[in-house]
Structure formats: C-alpha cells, structure tokens
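*Asks:* In case you want the letters, here they are:
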Amino acid sequence: MSAVLDALAGPWEYDFWRRALLVALLSGLVCGVVGGHVVLRGMAFIGDAVAHAVFPGIAVAFVLGTNLVIGGAVAGVITALLIAVVAQNRRLKEDSVIGIFFAAAFGLGIVILSAAPGYGGSLESFLFGSILGISDSDVVSVAVIGAILLLATALLNGRLVAATLDREQARAVGLPVFWLDIALYVMVTLAIVISLQAVGNVLVLALLVTPAAAARLLTDRLGAMMLLAPAIGAGGSVLGLYLSYAFDLAAGGLIVLTLTGIFVLCWLFAPRHGLLTRPRGRKAAVSNAPVEVTS
Amino acid sequence: MNEPILHIRDLAVHLGGREVLSSVDFSLRAGELVGLIGPNGAGKTTLLRTALGLLPPHRGVVTVHGRTAKQAQGSVGYVPQRHEFAWDFPISVAKAVATGRTHLTGLLGRRTAQDRAAVDDAITRVGMDDLRSRPVGELSGGQRQRVLVARALALRPRVLLLDEPFTGIDAPTQELLSRLLTELRDEGVAVLMTTHDLAAATTLCSRLCLLNRTVVADDEPSRLADTDIWLRTFGLDRAEQLLRSLGVTR
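So the protein lines, in turn, are chains Z and L. Each residue of the first sequence is one higher than the one before, starting from 1 at the first, in our numbering. Each residue of the second sequence is one higher than the one before, starting from 1 at the first, in our numbering.
Okay, chain Z solo, but in the shape it has when bound:
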C-alpha cells in the first residue's frame, strides 16, 4: 500500500508535475460538464471544428508572444459565431458550414505559424499537447476560465436542456434558442482552449466527447450523467498523466487512451446498456422504436 502511495506521490516534488496535474484535472472536469451537452445534442463534429478553429488564434498569440489561451479563445469564439450565423441559412446544413470554417481556420493557423521561427517544434506542441511545459500563468488562465465555465453551465443548464429536448417548443415559449446555441458554442470553445495544452489540438475532442459518451452509457438520468461525465474526465486525465510518468510516454496520447479505455469498459459492462450486461432477448433499445410522423 505504501509503495502505491509512494509511486503516486513520487512526481509531486516537481513543479511542472503539479501544474500538469492541476490542468489535467481541471480540463477533464470542465470538458466533462460541457461535453455532456455536446453529446446530448449530437454536436461532436462542432467540437472538432472548434478545436481546429482556435488554432489561428493560438498561432497569432504565439507569434506575438501573448497569452495562448486568450488568443485561442478569441479565434474560437469568432469562428463559432460565424458558424452559428451562417448555419441560420437553411440551404446549407450545419455540418457543411462547420466543415468549411474549421478547415479554413486550421489552414490559416498553419500559414501564420509557418511565418514564425521554430515552426516545426511549435506546431507539434500545439497539435499533440505539451502538458508538462505549462506555465504558472497558463494554470491561472485555465482555473479562471474553468470556474467561469462551470458557473455558466450551472446557470444555463435548464434552458440548454429544454432547447436540446425540443427546439420547436423551446422557441414557442420564447426561449432564446439562437443565443443559447451561441452560448453553448462559446462554452465549447473555451473548454477546448483550456484543454489544448493537456492533449493538443488533434486529440482535444476526446476530452470533450469520450467521458460524456461513457457517462451516457452508464445512466438514463441527466443529473447522474452530468456528474459522471466530469468525474470520468478528471479521473481519466489524472490516471493518464500518471501512466505517462510511469512509462515515460506521451501524456496527451495516454490521457486520451485512458479515457477511451474507460469508454470501452462502459460499453461492455454498463448496467442495462452494456454489450455484456444487456438483458438477453430484450428488444433492441425501446427508445429507438419508430415514431409515426406525418407532414
């Protein structure tokens, strides 16, 4: 037992480790909460888009030597707003609009970054994360933005749920569905920005989607899902970080693989919905029963 505790406490003597652990914990927590709404809305693709969209902002901040988190947040929010506005045009489906904007944003980021010295190394740390190289000021940014996000989610939860459940009815009773969409996009953007340094641009979607998807498999209760998702996100991130220390492997990749492992376990063994625990002969998901639709 004491050997396990020693192993857990071992890396605590390093400042960089304590900063990394804090950021992994906060990122997992915040992405779990925000990701709950992303998964329930079926907007994982938007999360991917935003992850790419923050890239030019980070590149500009890097070139100018300013705060990366704020740079990424500004670019992500601008792109999210553009997507939300252009997606109002019903001739274009939202996924097409997203596809256009996130590829454009990513291309812009690469062009900007290529103008900076040390292009290759910077690009790699942005794409795959550099959690062990996080500064004190980045930790403060992550903590402040994370706290704001948790507060915003708590305040808007009921309205976001109503808008996801039934947009038509939500509009009919006067809920500001468009502004709720914008708020959610902005929240997704900020959650991604504060998590970028943990797992990088390419893998950040996993922090947002995987814990929430695993939680969805575990429960049919919204409240329970919204507690389980951040717990899985934070727990998986910290475990992944420890594994990277123990085996001296890439932290970002191991965090994502740990979360994926948890998801696979939930997929196999989740009560009622797990592949191996589902009651035999049960009709495949009553919830998927066809519903008659008329024009």
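Incorrect hints may have been included.
[Unchecked claim] Taking beta-carbon pairs under 10 Å as the criterion, some of the chain Z residues facing chain L (in silico):
no.: 1; residue: L40
no.: 2; residue: A44
no.: 3; residue: L155
no.: 4; residue: L156
no.: 5; residue: N157
no.: 6; residue: L165
no.: 7; residue: E168
no.: 8; residue: A170
no.: 9; residue: R171
no.: 10; residue: V173
no.: 11; residue: R216
no.: 12; residue: L222
no.: 13; residue: L249
no.: 14; residue: T277
[Unchecked claim] Label pairs and their computed distance ranges (CB to CB):
no.: 15; chain 1: L; residue 1: E187; chain 2: Z; residue 2: V140; range: 50 to 60 Å
no.: 16; chain 1: L; residue 1: A199; chain 2: Z; residue 2: L81; range: 47 to 57 Å
no.: 17; chain 1: Z; residue 1: L151; chain 2: L; residue 2: P56; range: 32 to 42 Å
no.: 18; chain 1: Z; residue 1: T260; chain 2: L; residue 2: R116; range: 35 to 45 Å
no.: 19; chain 1: L; residue 1: D88; chain 2: Z; residue 2: L151; range: 21 to 31 Å
no.: 20; chain 1: Z; residue 1: P279; chain 2: L; residue 2: R110; range: 31 to 41 Å
no.: 21; chain 1: L; residue 1: H14; chain 2: Z; residue 2: V140; range: 51 to 61 Å
no.: 22; chain 1: Z; residue 1: F269; chain 2: L; residue 2: D88; range: 17 to 27 Å
no.: 23; chain 1: Z; residue 1: A104; chain 2: L; residue 2: D130; range: 22 to 32 Å
no.: 24; chain 1: L; residue 1: D130; chain 2: Z; residue 2: W267; range: 48 to 58 Å
no.: 25; chain 1: Z; residue 1: T260; chain 2: L; residue 2: R110; range: 19 to 29 Å
no.: 26; chain 1: Z; residue 1: D136; chain 2: L; residue 2: D130; range: 36 to 46 Å
no.: 27; chain 1: Z; residue 1: T260; chain 2: L; residue 2: T182; range: 25 to 35 Å
no.: 28; chain 1: Z; residue 1: A224; chain 2: L; residue 2: R110; range: 13 to 23 Å
None of these hints come from the bench; they were simulated from the model. For every residue, glycine included, the Cβ atom is placed at its ideal position computed from N, Cα and C.
Please build the complex by placing chain L on the supplied structure of chain Z, with the hints as guidance.
*Replies:* Only chain L this time, still in chain Z's reference frame:
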C-alpha cells in the same frame, strides 16, 4: 359571445418565397375546441407556428390575448408532432414535463411550489403518475404523446394548440386525450388542433376549420354536410376520390 383569445385577420405567410397561407381569417374563443382540417401542405402547421410567433406574417394580424403572437410567447400551450422531441435524451417523464415551465424559472432553474404543483397536476391529468420516473426513451408512442400534452398543460395555458395529437396512437390513448381535451374546453381553455382523423374531429370538436392555403369553411360539424366544401378543401374533383382518400372506400 366572448371575445376571441386567438384572432387572425387577413393572414398571409410566405415560406421560401412561396405563399403558404393567404387571406386567412380565423378566431378562437375561450371554451372552444376547434379542429383544423386539410390535406398535407394545406398550411395547418404553418398556421399553428404563426400563431405561436415562430413565423412572421407576410401580411395581416395575429393576436393572442390582444398581444402579437411574438409578445404572447410563453403563455400559449403547444403540443408539437412527436418527432420534434429528442426521445433518446436521458430524462424522466416528470423532468420532461417540467421543461414546459423552464422559461418561467430563474437562471438556476429553481422550481417553486407553484411550478411543482403545475407539473404534478399535468402528469395526473394525462394519467402518468405511475410512469413519472420512467426515462422518456422507454415509453410507447401513446405514452410519448401524453408526455407532450402534459408538458403543454404544465404551463396552465388559456390557449392550447396541438399538431396532429391523434396520429399513431392506440385507442385507449386516443380516448384519454379526447376526454382531456373536452374537459379543457369545459374549463374555458381555447383549444385548436390539426388532425387528419376526421372521425375524431367530427365527434370531438365544436367547430371545424377547413383549410387549404386559405379558410374554405369554418363552422359546426353538422353544418358542413355539403360535399363540395370537402372536395374543395382536399383539392379533389369527385366524391369517390375524397372517400377513398379518407379510407372510407377503396
């Protein structure tokens, strides 16, 4: 006769550059249960959505309680078609019904005793007390329809609009809904529903409004015996076609 709660005058609505409704005049008073009848594409759902303030009139006026439809949002009960609702959402019947009052709660979503009473009452009225904790994804089609009705009733509305409430539900649910709508009418609620179920509409409704882009006829069912009116509403030229389209003959 009392003043109309829902008043529509000379309404035209355009969708995608096409005129979907034209010169529509319609009134709905407290204690009326009116069926909105017409073929697919006649503009029934468009009329409901305009009355809910979801679509802007191209021309004409829509008022609810003397206010514009947009201003009246939040006071009108609405039961949309079932496919509008995300049935795979992890939420119980009681919580789904409570979302009908979300716009009345504060930012933190704290519910008052009045909110809880309205939700409990709505669930009881649709006969779902024993299912209130069940996830909505596990409900049958009829039970799902009752959830949507309860969600609208949780608002305790004076005007209730229903879009195809009888489509795809079993006989017991249809009977329960029919009884409930009649009770609401007797309590003074103004009820307007679109339906393709002419038999139910004829027996249930105090008035039928026949719509095909404009109001073809609007009267008590017993006064709508003229076949020509129905043929015009459904855009048919022979009675046999009408009877066939209604499933009366083959």
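*Asks:* All hints are to be evaluated individually against the structure, with a verdict given for each.
*Replies:* Each hint tested on the structure:
Checking L40 (chain Z) against chain L: minimum C-beta separation of about 6 Å stays under 10 Å; hint holds. The restraint placing A44 (chain Z) at the interface with chain L is violated, with a minimum CB-CB distance near 15 Å, outside the 10 Å limit. At a threshold of 10 Å, the smallest CB-CB gap from L155 (chain Z) to chain L is about 5 Å, leaving the interface hint in force. The beta carbon of L156 (chain Z) is positioned within 10 Å of a beta carbon in chain L (closest approach about 7 Å), and the interface hint is therefore held.
Taking 10 Å as the C-beta cut-off, the interface hint given for N157 (chain Z) holds, the closest approach to chain L being about 6 Å. Residue-level restraint check for L165 (chain Z) holds (minimum Cβ-Cβ distance to chain L is 5 Å; threshold 10 Å). Proximity of E168 (chain Z) to chain L holds as hinted, the smallest CB-CB distance being about 5 Å (cut-off 10 Å). Against a cut-off of 10 Å between C-beta atoms, the interface hint on A170 (chain Z) holds, since the closest Cβ of chain L lies about 8 Å away.
Given the 10 Å rule on beta carbons, the hint for R171 (chain Z) holds: about 6 Å separates it from the nearest Cβ of chain L. Against a cut-off of 10 Å between C-beta atoms, the interface hint on V173 (chain Z) holds, since the closest Cβ of chain L lies about 5 Å away. Restraint check, R216 (chain Z) versus chain L: the minimum CB separation of about 7 Å is within 10 Å; hint holds. Interface restraint check for L222 (chain Z): the shortest CB-CB distance to chain L comes to about 5 Å, inside 10 Å, so the restraint holds.
The beta carbon of L249 (chain Z) comes no nearer than 35 Å to any beta carbon in chain L, farther than 10 Å, and the hint placing it at the interface is violated. With 10 Å as the threshold, the beta carbon of T277 (chain Z) stays out of range of chain L, its nearest partner Cβ sitting at about 17 Å, so the hint is violated. Taking 50 to 60 Å as the suggested C-beta distance range, the pair E187 (chain L) and V140 (chain Z) conforms, at roughly 59 Å. Separated by about 51 Å at the C-beta atoms, A199 (chain L) and L81 (chain Z) satisfy the suggested range of 47 to 57 Å.
At about 35 Å, the beta-carbon gap between L151 (chain Z) and P56 (chain L) stays in the expected band of 32 to 42 Å. The beta-carbon spacing between T260 (chain Z) and R116 (chain L), approximately 41 Å, falls within the hinted interval of 35 to 45 Å. Checked against the hint of 21 to 31 Å, the pair D88 (chain L) and L151 (chain Z) passes, with Cβ atoms roughly 28 Å apart. Between P279 (chain Z) and R110 (chain L) the CB atoms are about 38 Å apart, so this pair conforms to the stated range of 31 to 41 Å.
Hint check: H14 (chain L) to V140 (chain Z), Cβ distance near 53 Å, so the stated range 51 to 61 Å holds. Restraint check, F269 (chain Z) to D88 (chain L): a C-beta distance of roughly 21 Å satisfies the suggested window 17 to 27 Å. Distance hint check for A104 (chain Z) and D130 (chain L): the Cβ-Cβ separation is about 54 Å, which falls outside the suggested range of 22 to 32 Å. A C-beta distance of roughly 32 Å is found between D130 (chain L) and W267 (chain Z), which places it outside the suggested range of 48 to 58 Å.
At roughly 37 Å, the beta-carbon separation of T260 (chain Z) and R110 (chain L) lies outside the given 19 to 29 Å, and the hint is violated. Between D136 (chain Z) and D130 (chain L), the C-beta spacing of about 57 Å breaks the proposed range 36 to 46 Å. For T260 (chain Z) and T182 (chain L), the Cβ-Cβ distance of about 55 Å falls outside the hinted range of 25 to 35 Å, so the restraint is violated. Between A224 (chain Z) and R110 (chain L) the beta carbon distance is about 20 Å. The supplied range of 13 to 23 Å therefore holds.
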